[in-house]
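Chemist: Chain by chain, the residues:
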Amino acid sequence: MARMKFICDAERCIECNGCVTACKNEHEVPWGVNRRRVVTLNDGVPGEKSISVACMHCSDAPCMAVCPVNCFYRTDEGVVLHDKDVCIGCGYCSYACPFGAPQFPSQGTFGVRGKMDKCTFCAGGPEANGSQAEFEKYGRNRLAEGKLPVCAEMCSTKALIAGDGDVVADIFRNRVLKRNKGAEVWGWGTAYGSKQAGQPGVTAPEGAKS
Amino acid sequence: MKPVTVTAALAALALSLLSACGEKPQTIGGARQDAAPYSGVGSSFSDPQWKQRDRVGWESHLRARAQQGQNDYNRMN
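Same order as they appear, the protein sequences are chains P and U.
Letter 111 of the first sequence, counting from 1, is numbered 111 in our numbering, and no numbers are missing.
Each position in the second sequence, counted from 1, maps to that position plus 1000 in our numbering.
Bear in mind the hints are in silico, worked out from the structure with no lab data behind them.
There may be inaccurate statements among the hints.
As the list claims (entries may be wrong) - Label pairs and their in silico Cβ distance ranges:
#1 P:Gly111 x U:Val1006: 21 to 31 Å
#2 P:Ala133 x U:Gly1057: 20 to 30 Å
#3 U:Arg1032 x P:Ser59: 18 to 28 Å
#4 U:Leu1018 x P:Gly193: 46 to 56 Å
#5 U:Ala1036 x P:Ile88: 25 to 35 Å
#6 P:Ala133 x U:Pro1048: 17 to 27 Å
Note that the coordinates shown come from a computational prediction; the quantities given were computed from them, not determined experimentally.
We put the beta carbon where it would ideally sit given N, CA and C, even for glycine.
So that you can see chain P by itself, here it is in the shape it has in the complex (with noise of 0.2 Å):
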């Protein structure tokens, strides 16, 4: 298996946020924390586009590069997850990430900022699968559960899709060749590296932006 990635086709995002409810819903983030947004860029002009940002869970992820205590590891499968028993709440990450995934939770009586949180690619952290121990720190393990990210599978327009790289790259470029346009994958580059991302004629149809 290739490792699991994320596509938002700005074509098809309709700004609904239903990703954004669901993610909280499924996992039962704590209040003032997004593990997903919806940005929209050039909004108000004609043409403006929508995308669902979270962590993309990249390649050589910065995140892991900056943490002072390793509490960061990749899976087999290329998802970027965190110890939250090690990690020290410092920050570093939310400056590294070009995503802005990291998430901190204000905590205590004078609203002292938490142990980072971030979407797991809903397949929780280190605990045991499914244990109430990893639903309470990183949210439902659908993964271990034979699901894909509630966020890709509950998106209405299937603009947000999630999976398998090879997979979910096939399914997009499905769509640039039907369509005959927006072969745009915003992060794509960024998340994934310029080679993954397509130079011209390589994987991705010309004109892909990172």
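Once you have looked at the hints, place chain U on chain P.
Modeler: Okay, now just chain U, sitting in the frame of chain P:
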């Protein structure tokens, strides 16, 4: 009491007191090892069409699920 015994007792006492001054290891081992997702969750939440702990089955099941659920051209044609 012999002076040798007293000296030995004092030395042992001094050593036990000094042990409190020792440095405890402060290294963090980093993230723990995670169980593979294909090992399943052992509960009824799992997709019934997939047998837990079957790696190849898990991979092919997710591929099929992605095609069925996310590739609308497959469903339309």
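Chemist: Given a hinted range of 17 to 27 Å, is it respected by the beta-carbon distance of Ala133 of chain P and Pro1048 of chain U?
Modeler: Since the Cβ atoms of Ala133 of chain P and Pro1048 of chain U sit about 25 Å apart, the hinted range of 17 to 27 Å holds.
Chemist: Does 46 to 56 Å hold as the CB distance between Leu1018 of chain U and Gly193 of chain P, or does it fail?
Modeler: Holds: the Cβ-Cβ distance is about 54 Å, inside 46 to 56 Å.
Chemist: Between Arg1032 of chain U and Ser59 of chain P, does the beta-carbon spacing fit 18 to 28 Å?
Modeler: Cβ of Arg1032 of chain U to Cβ of Ser59 of chain P: about 23 Å, so the range 18 to 28 Å holds.
Chemist: Is it true that Ala133 of chain P and Gly1057 of chain U lie within 20 to 30 Å of each other by Cβ?
Modeler: Cβ of Ala133 of chain P to Cβ of Gly1057 of chain U: about 27 Å, so the range 20 to 30 Å holds.
Chemist: Given the hint of 25 to 35 Å, is the C-beta distance from Ala1036 of chain U to Ile88 of chain P inside that range or not?
Modeler: holds, 27 Å
Chemist: With 21 to 31 Å as the target window, see if Gly111 of chain P and Val1006 of chain U comply at their CB atoms.
Modeler: violated, 60 Å
In the structure shown, a violation is registered for the earlier hint numbered 1 alone.
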